[in-house]
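Using the sequences and the hints given, assemble the complete structure.
As you go down the protein sequences, you meet chains H and P in turn. Heads up, the first sequence is in the working numbering, so the first residue is 1 and it goes up one at a time. Heads up, the second sequence is in the working numbering, so the first residue is 1001 and it goes up one at a time.
Quick caveat, the hints were computed from the structure, so don't treat them as lab data. One should not assume that every hint holds.
[Stated by the list, open to error] Just so you have them, the derived chain P footprint on chain H, three or more residues with Cβ under 8 Å: (1) 164-175; (2) 270-277.
[Unchecked claim] Here are some of the chain H residues that sit facing chain P, going by a computed Cβ distance under 7 Å: (3) G28; (4) P180; (5) F190.
[As the list claims (entries may be wrong)] Computed from the model, here is a short list of chain H residues facing chain P with C-beta under 10 Å: (6) Q89; (7) L181; (8) L207; (9) P208; (10) T209; (11) G210; (12) F213; (13) T235; (14) L260.
Built from N, CA and C at the ideal position, the CB exists for glycine as well.
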Amino acid sequence: MLRIEYAYWLIAAFLLYTGLRNLGERHGWHAAFWLVLGTLFGSGDYVLAQQAAGHVLPAQIAGAGVIALALLAPRLRRHAHVEGNSAEQRLQSAIRLGHKLFVPALLIPLVTLLVALFGAHLFIAGHAVFATAQMTLTGLALACLVALFAASQVAQAPVHDGVAEGRRLLDAIGWATLLPLLLAALGEVFTQSGVGAAIAALAGTFLPTGSAFACLLAFALGMVLFTVIMGNAFTAFPVMMAGIGLPLLIHQHGAHPAILGSMGMLCGYCGTLLTPMAADFNLVPAALLELRNPYGVIRAQVGSALWILAITFMLMWLLVFR
Amino acid sequence: MNYWPLLGVAVIVVGFLLRFNPVLVVVTAAISSALLAGLTVPALLALLGKSFVSSRMLLIFVLTLPVNGLLERAGLREHAQRWIGRLHGLTLARLLIGYLLLRQLLAMVGLTGVAGPAQTVRPLLAPMGEAAVENILPTLDDADRDELRAVAAATDNIGRFFGEDVFVAVGGVLLIQAFYVQHGIELTPLSIALWALPTAIAAFIIQSVRVWLYQRRLQRRAADARAESAG
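Put into structure tokens, the structure is as follows:
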């Protein structure tokens, strides 16, 4: 049976490979970073199992590993992604292969979608092929493998060339790889340390919590505000959910969790369009396009962001309490 | 009520404003918030470790890197650029709205990295857009050029943001799912992704209308300029 843990092991193997290649090239800090991260990935299931059995030591070591990653991250210089071949070679190859190049790229979403839709009905000799937990992601990992073999066919290159190219991309992205994961972990730590509860308490003193509309408005605007402050909807989401979404909207007013989560996150995305804190999306393009006003992109986005926010909020209000 | 953990939020703001390494800022914020909540160091380490490993699903996108790396070496980006470059006869609004649609559709199938400010806006969309603006308004000054480029970058961002959450394996959807799992609510990623569709459509319409209004503003200015020079 295919389980999500296999995908984590696959990621761990890829991270360790990246670490070892860096070690071989004497990039010590990069090697240490990827090796620690790979180890955290490989041992994650053990950590969680031990934690569930009441042994916290592995989790504590993992925590120390996370701190080590944070200390290593500033040491990683973002060395530019060096292309393995010349622009001329790539152009020749592009002309020769044409639309065939799109096939492996499209296989990733296609296979993922197929597994998500039909994976539950797949049996071999009476055994389910896919475990029900995290089936979509297991499908995605499988899709990546299928696509890698397809890409190696299309490009007429061995599979290990792909792994080597992937490692170069991973090194070029560097510590930024880790941000979504860390922001999610931060949200969880915030929740456990009572940041959400503190916001809920603040909301409780100012909000008429009996009014579903007032709670929803506070949730949506809170998502925007926190995203603007922190530059990222991913950090704002767990905080606002723990503070207002879960206790007030879902438990008290019976909001639909999928709609609230999805549309609440999109309210946060409207905030991302407004804030210089989201440098990657707003300041970097302005610099890249040599605009004289560094906030030019944000200025061009304000109107759209506010309209999209208004429509999303309206839809959420109409749909979420069905 | 203990309000001190809220200082963790302040750590994020100050750390990002002072441009420290974001990874370091985020971990520092987590540590300060937990310590201010009265956790002991061993409990803090365990919480940090457990939260980290239970969010591992968010790194699953690295499995797409070998595929992308191999295809890019074989000329995927060059092919996409040549293909888009061959679509002639585009007005400014058609160009930007077409790009918006393509960007949203690509993001919806998880291909957010195919386009972007560095990949497509600077080399393709901005120069093509400038050419289209010059067709309307030959007297293009630096401020106009800046505005066009900003609109192009904004269109790229909006297409990406309001397309990607329709894809099941993207960070946003997985984060929502992970949050609910940790709080005892089981949802499939598909059910979450589906509800991003209405906003995706709304975002497409809103940005398209704004692009069209932008083009009309330029056309009016051109008409005024012609009337002045004629009168």
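Checked hints:
Against chain P, the stretch 164-175 of chain H contributes 8 residues with a C-beta closer than 8 Å to a partner C-beta. That satisfies the three-residue criterion, and the hint holds. A count of 3 residues in the stretch 270-277 of chain H with a Cβ less than 8 Å from any Cβ of chain P is obtained; the coverage claim is therefore met, three being the minimum. The restraint placing G28(H) at the interface with chain P is violated, with a minimum CB-CB distance near 18 Å, outside the 7 Å limit. Here the hint on P180(H) is kept, as its CB sits about 5 Å from the closest CB of chain P, short of 7 Å.
Among the interface hints, the one on F190(H) holds; its C-beta lies about 6 Å from the nearest C-beta in chain P, closer than the 7 Å criterion. With a least beta-carbon distance of about 8 Å to chain P, the hint placing Q89(H) at the interface is held under the 10 Å criterion. At about 4 Å, the closest approach between the beta carbon of L181(H) and any beta carbon in chain P falls short of 10 Å, and the interface hint on this residue holds. For L207(H), the interface hint is violated, the least distance from its beta-carbon to any beta-carbon of chain P being 15 Å, above 10 Å.
For the restraint placing P208(H) at the interface with chain P, the shortest Cβ-Cβ distance is roughly 19 Å, beyond the 10 Å limit, so the hint is violated. For the restraint placing T209(H) at the interface with chain P, the shortest Cβ-Cβ distance is roughly 15 Å, beyond the 10 Å limit, so the hint is violated. Given hint, G210(H) at the interface with chain P, is violated; its Cβ is 20 Å from that chain's nearest Cβ, farther than 10 Å. Residue-level restraint check for F213(H) is violated (minimum Cβ-Cβ distance to chain P is 19 Å; threshold 10 Å).
The interface hint given for T235(H) is met, as the beta carbon of that residue sits about 7 Å from the closest beta carbon of chain P, less than 10 Å. The beta carbon of L260(H) comes within 9 Å of a beta carbon in chain P, closer than 10 Å, and the hint placing it at the interface holds.
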